Each structure stands twice: as C-alpha cells, then as structure tokens.
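Colleague: So for the sequence shown, the working numbering puts the first residue at 14; every next one is plus one.
A portion of the hints provided could be inaccurate.
[Said to hold, decoys possible] 25 Å max Cα-Cα, derived DMTMM-like pairs, lysine to aspartate or glutamate:
1. Lys500 x Glu221
2. Lys437 x Glu355
3. Lys437 x Asp354
4. Lys482 x Asp516
5. Lys500 x Asp292
6. Lys500 x Asp354
7. Lys482 x Asp164
8. Lys500 x Asp434
9. Lys437 x Glu397
10. Lys500 x Glu483
11. Lys500 x Glu397
12. Lys482 x Asp412
13. Lys482 x Asp454
14. Lys500 x Glu260
These are calculated hints, taken from the structure and not from any lab test.
All values reported here derive from a predicted model rather than from experimental measurement.
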Amino acid sequence: MIRPLPAQRSHAAGTLVAFFVGASLGFLFLLTDAKGPAPFLAAAIITTAYGVARSPAATRGRRVLRMAALLVVLGAHALWSYELVSFAGELAWSIPAAVWALVILLSAGVVWTHLPRWKRVEVPLVLPVGLIIAACLFGWRREEARIDCDDLLDVSGQPNVRVRIPTTAAQASCRAGAILPIARFPRHLWESPDGAWYVFTTQLRNPEHNPSVPSPGRLTGSICASPVDGAQEPSCVGVGTAQGMAESAPLDRLFVANWGAVLPGGARGGQVYALSRTDPRRVVGRRETNVLSGELFYDPTDDMVGVLSDEAEYMYPLRASTLEPLDPIPTPVIPGDSHYDEARREGVYCFAAGPLRTIGGSAFGAVAFSTGPYRYRALASASEAPWLWFGFSWGCDWDPERRRVYAAIASLGVVHTIDYDTGKIVGTTYTGMGVRSVAYDRARNRLYLGWYLAGRVAALDLATGAIVKEWRAGRFVRTVVLSRDGKRLVVSSNLGVVEIALDG
14 MIRPLPAQRS HAAGTLVAFF VGASLGFLFL LTDAKGPAPF LAAAIITTAY GVARSPAATR
74 GRRVLRMAAL LVVLGAHALW SYELVSFAGE LAWSIPAAVW ALVILLSAGV VWTHLPRWKR
134 VEVPLVLPVG LIIAACLFGW RREEARIDCD DLLDVSGQPN VRVRIPTTAA QASCRAGAIL
194 PIARFPRHLW ESPDGAWYVF TTQLRNPEHN PSVPSPGRLT GSICASPVDG AQEPSCVGVG
254 TAQGMAESAP LDRLFVANWG AVLPGGARGG QVYALSRTDP RRVVGRRETN VLSGELFYDP
314 TDDMVGVLSD EAEYMYPLRA STLEPLDPIP TPVIPGDSHY DEARREGVYC FAAGPLRTIG
374 GSAFGAVAFS TGPYRYRALA SASEAPWLWF GFSWGCDWDP ERRRVYAAIA SLGVVHTIDY
434 DTGKIVGTTY TGMGVRSVAY DRARNRLYLG WYLAGRVAAL DLATGAIVKE WRAGRFVRTV
494 VLSRDGKRLV VSSNLGVVEI ALDG
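Take the sequences, apply the hints, and build the full model.
Modeller: Below is the structure:
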C-alpha cells in the first residue's frame with residue numbers, strides 16, 4: 014500500500030498540484046479526439062483518486078474506498094506507461110536537450126522525495142513521465158511542419174534510395190543542420206499504368222497555413238500529379254487533406270477522396286475528384302459531399318465508388334460514371350487504407366480501433382467487405398484474440414488468391430496474418446510499435462512496413478518472420494507501395510516521394 018500524503022497540508026497540497034500537472038501532461042493526447050478541457054478534467058478525476066488512495070484509512074469503508082481509488086490510479090499509470098513506451102520509442106528524437114535535462118532533474122526529485130525520511134512536497138512519478146509524453150506530442154506537431162536537412166542527407170546517402178519528388182524546392186540546397194519549413198507533404202500514392210505519372214495526396218500540418226486555401230510552395234493542394242522523374246513541377250488541386258484513391262480502367266478515371274473544404278454555411282465537408290487516368294493533371298469531375306470523405310474503392314460491376322467517411326458511420330456510394338450520390342449504408346470504420354479486387358468483388362478495410370469501434374459487440378483486427386450486395390464482417394475478432402481490445406490499426410495488405418490478410422496492429426507492435434475466409438489469426442510477427450503502412454510483395458514473399466513517426470521502412474520475410482532489410486525514408490512515412498513492375502518501393506514522407514530500388 015502506498016504511504017499517506019505528507020502530514021502538513023501545504024506539502025500535501027503541493028504534492029497533489031504536482032500530480033495534477035503531470036497527469037494533465039499525460040492526458041494531452043485526448044486533444045486529438047476531444048476538445049477544450051478534456052485533459053484537465055481527466056487529470057482532476059485521477060488526482061482526486063490519487064488523494065483518496067493516499068489518505069488515512071481508519072474504517073473499513075475508508076479502506077474499501079482507498080483500494081478502489083488506488084486501482085483507478087494504477088490504471089492511469091498503466092496508460093501513461095504505455096504512452097511513454099509508444100511515444101518515446103518513436104519520437105524521442107524530437108525532444109530538445111533542455112527538456113531531457115529537466116526530465117533527469119525531475120526523475121532525481123522523484124527518487125529523493127520518496128525516500129522514507131522525506132516529509133515535504135513530493136515529486137510524483139507522473140510529472141517526468143507526463144513531461145516526456147507532452148514533449149513527444151508537441152515535437153510531433155512541430156516536426157510535421159518542417160524538414161531537417163540532416164534527415165535528407167542521411168536518406169540520400171543510402172545506396173538505391175532517392176527522393177524523386179521533393180516536398181520543397183529548397184531541398185536542392187540543403188546543408189547539414191538546416192531546417193526547412195513546409196506546408197504540406199505527401200500522403201497516399203498512385204502510379205499510372207504506363208509508369209509515367211505519380212499521383213499523391215497531401216496533408217497539411219503547419220498551423221501557420223489555412224487548410225481551406227491553396228498552400229505556398231510546390232505542393233499547393235491536396236491532390237498532386239507529377240511525372241515520375243520529377244522533371245516538372247507538380248500540378249495540384251484541392252484544399253484540406255486528401256487520402257483514398259481508386260482507379261477505373263473502363264472509365265479512364267482516378268477517383269480521389271478529399272476532406273476539409275469549407276461548405277456554404279461554414280461547415281467542413283468533403284469532395285470526390287475524378288481525374289483522367291491517362292493525364293492525371295486533368296480534372297474530369299468533382300462531387301461535393303457534406304461528410305469528411307477518406308478512403309474509397311471502385312466497383313465496375315455496379316458502376317459504384319464507395320466512399321468511407323471520417324465519422325465511421327456510413328459508406329457513401331456514388332455512381333462512378335456521374336458521381337451521383339446513392340443511399341448511404343451503415344459501416345462503422347475509418348480505414349487508413351483499403352484494398353479491393355474488382356473480379357472477386359471483395360476487399361479489406363485496414364482499420365481497428367479497440368473498444369472505440371466494434372462489430373457484433375467485439376473489437377477486431379481488420380474488416381472484410383464485399384459487393385453485390387454490399388456487406389462487411391470483422392476479421393480477427395477479439396472474442397478469439399482478446400488483446401485486440403487494445404489494438405489500433407491503419408495499415409494492411411492482402412493476397413486475395415491465397416486468402417491472407419496482413420494487418421499491422423500499430424498499438425501492439427505486431428503484424429497478424431489472418432485467414433480472409435474464416436477471419437482467424439494464423440500467424441503473428443512482432444515488428445515493434447508504430448507500423449502505419451503495409452505493402453505485400455508476393456514474388457519475394459515479403460511485407461514492406463513503414464513506421465510513420467520513426468521514418469523507417471523495412472522488408473519482412475514472411476517465411477522466417479525476420480527483418481531482412483531496412484531503409485530510412487525521412488520522417489512521417491505515411492504510405493509504402495510496391496511499384497507496378499515490382500522493382501522498387503514508392504514511399505511518401507515529409508521529404509516527398511521517395512523511391513527505393515529493390516534489386517540494386
């Protein structure tokens with residue numbers, strides 16, 4: 014049992030204030046989904062429980078209350094420990110030296126003020142832990158708006174790796190130690206059938222720029238097309254952020270989903286663009302929607318583009334030939350990626366969100382779907398794999414012939430091999446936390462994995478479960494795809510579009 018708070022009220026109050034500050038820092042991640050005072054409300058609740066857990070327990074009722082409060086506090090510490098491992102493991106590089114020095118001082122204070130002879134204000138463990146968590150989150154936000162030239166020089170110095178389409182023209186004159194501000198950087202990637210063009214979506218993370226207007230620099234919009242050799246400036250359209258892409262050979266179109274546009278009345282909505290597949294600089298159609306459109310797929314049989322929203326409520330079908338909206342269908346997913354086989358009329362959504370989104374009352378590792386008619390089902394149900402209640406995933410790939418799905422569970426640091434037909438997990442490989450993108454290479458029997466925060470790309474041999482090759486691709490690796498000819502990887506990062514030759 015933990016010892017009571019210091020006997021002197023001012024010292025006890027100081028200890029509780031220090032705990033509240035640390036807890037608030039540890040709960041800052043809540044700002045990604047909640048607004049305003051959410052971290053501070055959560056911190057106040059846990060601080061109250063902390064005070065109760067360290068109060069005298071003279072009666073049986075007080076002892077029960079104290080034990081319940083202690084369990085709440087231990088649960089919070091388990092969450093903060095997980096955050097520490099997850100964030101610091103991937104983002105320690107973004108924390109300034111001065112912050113690390115303060116962490117060391119506070120950690121020494123934790124040890125010193127918890128010695129048996131100490132009777133004054135204590136430094137709670139959550140204070141240095143919360144500081145590291147908050148520093149990682151602020152570092153994440155800061156680093157997404159810039160390029161460190163040391164990263165560029167490091168990436169360019171590798172054999173068989175080159176930045177094909179730089180995010181900013183200033184990268185051409187990068188020197189060691191320099192920092193380049195950026196507005197946007199690439200997100201998802203598509204290569205034209207003739208290998209002449211890359212189309213890539215972009216995201217804006219720089220708070221100095223308005224996402225509702227064209228951005229400064231080379232990447233002015235959320236959807237950009239460029240010759241693969243980067244010889245011409247990218248041609249960009251759209252505002253906000255764009256994500257999913259799906260091509261239609263019969264219609265000669267590339268459909269791209271975008272969100273963040275300001276609609277009449279001030280609300281934010283989305284758009285679905287139709288680009289020419291042979292000349293993707295040309296917009297041949299566009300449909301505004303009142304939802305934040307993210308991933309999509311194309312089904313030629315039903316002449317349908319299925320659009321998934323960022324609200325995880327519906328799949329919004331559009332008539333592909335006209336972009337006419339059809340009746341939405343409930344679908345509780347927000348995929349980070351999706352794959353669809355037009356001939357088989359089935360696919361997979363790369364998505365898992367633990368207890369936040371369930372199917373049939375259970376968490377899952379990925380979601381299978383099919384058309385004619387449209388339906389979906391969970392893969393790797395938590396009813397058989399209970400650890401997936403803590404699983405969050407945005408990246409996967411599949412082999413529709415061998416009926417295997419390879420789902421990266423970023424929050425648990427594993428890739429699950431899932432039988433597409435039964436939904437059962439048939440293999441698990443530990444990869445380390447943070448894998449955001451997965452590309453399957455059937456010819457080499459490999460998976461290529463991209464770590465978003467660390468900027469790492471690795472080749473995983475499926476026969477042995479071993480990492481057989483690694484590359485550095487910048488920071489914030491959002492997508493890794495295999496080129497159409499299978500000879501190279503195409504990677505998006507804050508540096509731009511990066512190519513990695515596989516047989517060099």
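Colleague: Each hint should be assessed against the structure and marked as holding or not.
Modeller: Here is how each hint holds up against the structure:
no., hint, verdict
1, Lys500 x Glu221, "violated (39 Å)"
2, Lys437 x Glu355, "holds (24 Å)"
3, Lys437 x Asp354, "holds (21 Å)"
4, Lys482 x Asp516, "holds (12 Å)"
5, Lys500 x Asp292, "holds (23 Å)"
6, Lys500 x Asp354, "holds (22 Å)"
7, Lys482 x Asp164, "holds (19 Å)"
8, Lys500 x Asp434, "violated (30 Å)"
9, Lys437 x Glu397, "holds (8 Å)"
10, Lys500 x Glu483, "holds (16 Å)"
11, Lys500 x Glu397, "violated (38 Å)"
12, Lys482 x Asp412, "holds (22 Å)"
13, Lys482 x Asp454, "holds (14 Å)"
14, Lys500 x Glu260, "holds (21 Å)"
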